[in-house]
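First to last, the protein sequences are chains E and X. According to numbering that gives the first Met the number 0, the first sequence is numbered sequentially starting from 0. According to numbering that gives the first Met the number 0, the second sequence is numbered sequentially starting from 0.
Per the computed footprint, the stretches of chain E lying under chain X, defined by three or more beta-carbons under 8 Å from a beta-carbon of chain X, are:
id : segment
1  : 121-129
2  : 210-223
3  : 276-286
These stretches of chain X come out as covered by chain E in the derived footprint (C-beta under 8 Å, 3 or more residues):
id : segment
4  : 56-65
5  : 144-156
I should point out that these hints are in silico values taken from the structure, not numbers from a laboratory. Cβ atoms here follow ideal geometry from the backbone N, Cα and C, with glycine treated the same way.
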Amino acid sequence: MAATTVAPQAPSSGQVTEYRTSRRRSRMRRRIADNLTGYTFLLGAVLCFAFFSWYPMVREFIMSFQHTKRGVTTWVGWHNYTAVWHDPAFAAAWRNTAEFTLLALFGGFVVPFVIAVVLNEFRHAQGYLRVLVYLPVMLPPASGLFLFKYAYDPGSGVFNQILHALHLPTSQWVQSPTMTVPSLVIASTWLNMGGAILIYLAALQNIPGELYEASELDGAGIFRRVWHVTVPQTRLILSLMFLLQIVATMQLFIEPFILAGGDGVENHAESIVYLIYQRAFSFHDFNGAAALGVMLMVVLLVFSAIYTWLSPRQD
Amino acid sequence: MAAAQETATRTLISPARLNRSGAKRIYWVLVIVTILLFTFVFLGPLYWMVTGGLKTGQEIAQVPPTIYPQHPQLSNYVTAWNDLGLGRLLLNTIWYAFGALAFQLVFDVLAAFAFSKLRPRFGNVVLGLMLATLMIPATVLIIPQYVTVIDLPIFHWNMLNSPWVIWLPSVTNAFNIFLLKRFFDSIPEDLLQAAAIDGAGPLRTLRSIILPMSRPIIGVVSIFAVTAVWKDFLWPLLVEPGTNTKTVNVGLNAFAQGLGQNVVVAAAAIAAVPTIVFFLIFQRNIMSGLTVGGVKG
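Model the full structure from these sequences, guided by the hints.
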């Protein structure tokens, strides 16, 4: 190639600046355009979150400190909170929900784990059993709960019939103050256990077999192996499910609603969410209901915070 | 990990131990008992539901109960269909469920793609705000949400008794966005860069490259979305109060008053058919979807 004898002129500083600025401008323009594209993609979700998630969160706080009557809204400080606190149903609702949560922890947490551990050992019929346990989860809740409603009938219900046939004492189920919450727990467990069982089964299958072999060589029996290998290995999923279980059961609503008409015998079925529902839609006190909602939110956030604080994040 | 696959994966009880004849007997007894027990506990009520719907009003309340309907009456199912307006209920619920699915797929996939690949300025802040909503379950917010939908700010739209009031709030599913984003993150950048070199814009890239690869996660998200609408009770109870707009759960509860046990049970059976069929068809996807939230160990 013929060498050009003319050395390329070094650009003047003015030209360099202009060149750099124009490149910067078009780079900036492109970045703005890219950002705009990104924002456009986000628009739909952001709008939905804004209207139906973030705004309601803020609004609930605000509403809980206000009182609205015939279109006139006034600020009333802590009035709503004290009003709902002194409602006699308040203590009942929290007590029932706590009782339900504790009992449901057994049925929704311990029992599914044990079942999963046992099922994991089966070399046969696992597929069939998995489908079986998950079937109730796939039912529309109302369908399942109406079955339970009739089964719980003290006179002609199936449960008492079976108990009677086995010469066991029958129960009044949801008609009895003390058996109300356990009845709700049984129904809820049947409907929801399958999900937990399958999740635990999946976690159990991730446990490396060598750990069991090693512990067996060390002379550990079955229960020790479960305690020292199975449980630690599934620690993360166990704690996550524990938290999810608590959060889910505190939102108890449909079981008492369908099985016990919402509040049940002597208020023994009333749950916090039902209290909120009742205060808003029966007593038309939306502000008080908002205050209740804030309280429930705080309690759940505390649980989530404790969990996050206690568990080292691994992913 | 590879080593564990080579040897027979053993669990709590080793295969060797199981093969000893004593243990084998115990094993088989346990398996058979479990199969029988679980069939009774999980399938029993469903059988009860279907046969109960076939019984007469007297027979179903009979003490002791009959295992098999003496004179099967299909007419109960017809009565149930008519008296509870099950056709309308099922149609409504399916309409709400698939509409919610469509909106979620469109908005949440676009958002997850933006978070994962486009990464606009402050995208992380927005994502953080969305994930924060996972700490606050929806039930806690029903009151302000209700107040919001009866008079939507800025637009002054009363959304009650319309499908929108189910569709739009369903998009606020940060878990789905999280799952989608995580999946998109795992798609290598080179693929997108290659597409960009070929002149594909972001939408084209999404449509032609990302989506075909994302079938498994989209399947999982879809199943969660449809199931959530189908199982929801409190929200539809509040926002779909009209007779013609109720969902299956709400309608079953509302219209069951005063009807005979056999009719209500027949209705419950009919209501269960779509979800059971859905489950049986998509069984494998549903089962694998449960492990996708995948916290290991």
